[in-house]
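Dock chain B against chain A, hints included.
In the order they appear, the protein sequences are chains A and B. Just so it is clear: in the first sequence, position 243 is 242 by numbering that gives the first Met the number 0, and no numbers are missing. Just so it is clear: in the second sequence, position 32 is 31 by numbering that gives the first Met the number 0, and no numbers are missing.
Calculated directly from the structure, the hints in this document are not laboratory data. Keep in mind that the hints are not guaranteed to be accurate.
One copy or two, it doesn't matter: identical chains are merged, so the pair holds either way.
Said to hold, decoys possible - With a cut-off of at most 25 Å between alpha-carbon atoms, the simulated SDA-like pairs for lysine to any residue come out as follows:
no., residue 1, residue 2
1, K240, R266
2, K247, N223
3, K40, E246
4, K155, T54
5, K158, D63
There are 2 protein chains.
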Amino acid sequence: MKSWDTVTIVGVGLIGGSVGLALRKRGLARNVVGVGRNQSKLRKAQRQGAITAATQDVEHGVSDADVVVICTPVESIGPFAERAARACPAGSLVTDAGSTKSNIVASVRPKWPREVGFVGSHPLAGSEKSGCEHGQANLFEDRVTVVTPTAKTSEKHLKKAVQFWNSLGSVVIQMSPKQHDQAIAMTSHLPHVVASILAASAGKDHLPLAASGWLDTTRIASGNVDLWKQILTDNQPQVLKAIDKFEKTLHSFRRALQSGRRQTVARILAKGKENRDSLGN
Amino acid sequence: MKSWDTVTIVGVGLIGGSVGLALRKRGLARNVVGVGRNQSKLRKAQRQGAITAATQDVEHGVSDADVVVICTPVESIGPFAERAARACPAGSLVTDAGSTKSNIVASVRPKWPREVGFVGSHPLAGSEKSGCEHGQANLFEDRVTVVTPTAKTSEKHLKKAVQFWNSLGSVVIQMSPKQHDQAIAMTSHLPHVVASILAASAGKDHLPLAASGWLDTTRIASGNVDLWKQILTDNQPQVLKAIDKFEKTLHSFRRALQSGRRQTVARILAKGKENRDSLGN
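Excised from the complex, chain A in its bound form:
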């Protein structure tokens, strides 16, 4: 397994903290530098063993990095990636863990120094929880990470990004930033919207009747509001398309139920069951 001298993590929350814990537990990096704004959170991450050194200064934090992973909220990934790329050694890889890819990849690429490569990544290992204290060394094990090269990505940096996520235990899938954003709108962003609206729609007098079905279906509505506002706004065009598709099917279902077309009702339920059953529990 490839190992690194220094990996720098910008943003040491649930994902960043888990990257650090995984690197340390697997003995993959001699130094894991954490960069963050909040000194007490950085100290906590260091005590937890997620990072070996901490700084509030991005340029200083990345100055020796073989790999920089930007794990901040979506809106600040682009700006941090640029600052990191200008300050880190020639030949380094800068990657990220953002839930959207097209805007991030487009915003960073053109301005970059030649010797530093940015490869957009998205480990599908989120949670409705946040904060380094919920981080886990095995968060990426057997989970998919999507790596999103473009025509301008060098083979060397792509290989390094794949190696990096593989080394944390992740299964890497490659697709374009746009393909990623389309698929993830259907499998993550739309479910988040739907779960939030389901949870928001239930009145206080209904909640005593919320059982395991409701709890499962709405679990991700507990996610951080500000992070999700950023994700949904950033991937707005694809999220709108996903909502449109969902609304259309929901409305067909509604009409079928209203007019007593039981076979149509059953057909939509059966299609959902088939897709769901194909993925196991």
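Using the frame of chain A, we list chain B on its own:
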């Protein structure tokens, strides 16, 4: 704890089987008679210890019952409840475990012999699984059972129904059949529709990106299609109202996202989070 000489379960699937297992494990009934159409399933339930005797004949099966629990699919609860009520001893309680209440309670009540009481019940203990083999003696422990008396329900039979579900470990809530159907449309039937349509909307090329959020949100879409078709059809008026409410909020959300009104986006997400967080994991 009140105990019974004979309890008869009509329909020995996941719920009926769990009623039997709970009665036996808690030593609450001397005889637990299972009534079903399929002899090999009845034999299996008997081997599993969910029932002590089995028959395919409803009238015969209920002839000594203190309590009859109808655990069949929603459409056949009314007809079975009537047959049971005509054949069971005077003073017995007939109840059910159906996911809808208004139609069932209305269909059974007027024709009944005076000495037998029907009290509609709904233990909120379903699962996306089905069959007695998935039954559990603790399925009702600390779960809510809604008991739905009407103006014509006698105190004696209501008390017996509450005692029965309490004795299985359930927390009993009383409400009218209509109140039940309104609330359960929001907390169970609408989530089922939404989960099914989410699952149905994901293309084969999207599914590799389905992670824990999608799996949680769509889990109940694995439920039995025929059972759910019956439930949604039976509670159609309330399900349509719940869909309308959901569609309206989804569409407000869509418009806010499209026009960049980030505060509205955040407000809807925050309302969902508040409701979801109020119920724990």
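(Q) Output the indices of the hints that this structure fails to meet, ascending. (A) 3 and 4
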